[in-house]
Amino acid sequence: TDAKDTKADQAEFEEAKAELDTLRERARRVYEAHEQHAQERMWRAMQQLPEDLHEEAIASKPEKVPEPLLFHNRYRREIFRSLTVYDQRRLQVFHNLMYVRYPHSQEKQRNPERFWIPETQVVSRQREAAMAKKNIKRK
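Add 31 to a position in the sequence shown, counting from 1, and you land on the number used in our numbering.
Please note that the accuracy of each hint is not assured.
[As the list claims (entries may be wrong)] Pair by pair, the computed Cβ-Cβ distance ranges are:
#, residue 1, residue 2, range
1, PRO81, ALA163, 42 to 48 Å
2, PRO143, GLU66, 33 to 39 Å
3, ARG156, MET77, 25 to 31 Å
Treat the hints as calculated values from the structure; they're not laboratory data.
Each residue gets a CB set at the ideal place from its N, CA and C atoms; glycine is no exception.
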């Protein structure tokens, strides 16, 4: 409170604050109700999925999204126009570093089968950490 504030100013502030708190609480309740409703609809939709189509869904390959509809193709010009020259340069440096650090990513897009590992060879992170600890203790 400021020394220049009068009792009327303080009362007006308290009234406005109480009104804002009421509006905030109402908005929070509406949001929570909306989220709860969305979550219920999601679970209901999942429960209604037919079980007999599960194998078919796994076996079928997903359809590719047409190139013109992909986000980066559709909004590329708008995004780049909104960037400053400095931000464009930073983005280019980022792309260069990503290519240097992960040169295999383009090969993985072209030929993903080369990067698949049979389930028998997959090692969990916990098991991998345990094996690493054992190797450290042996030395």
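Against the structure, the hints come out as follows:
A C-beta distance of roughly 44 Å is found between PRO81 and ALA163, which places it inside the suggested range of 42 to 48 Å. Between PRO143 and GLU66 the beta carbon distance is about 36 Å. The supplied range of 33 to 39 Å therefore holds. Taking the beta carbon of each, ARG156 and MET77 are about 28 Å apart, inside 25 to 31 Å as hinted.
Violation of the numbered hints given earlier is absent; every hint is satisfied by the structure.
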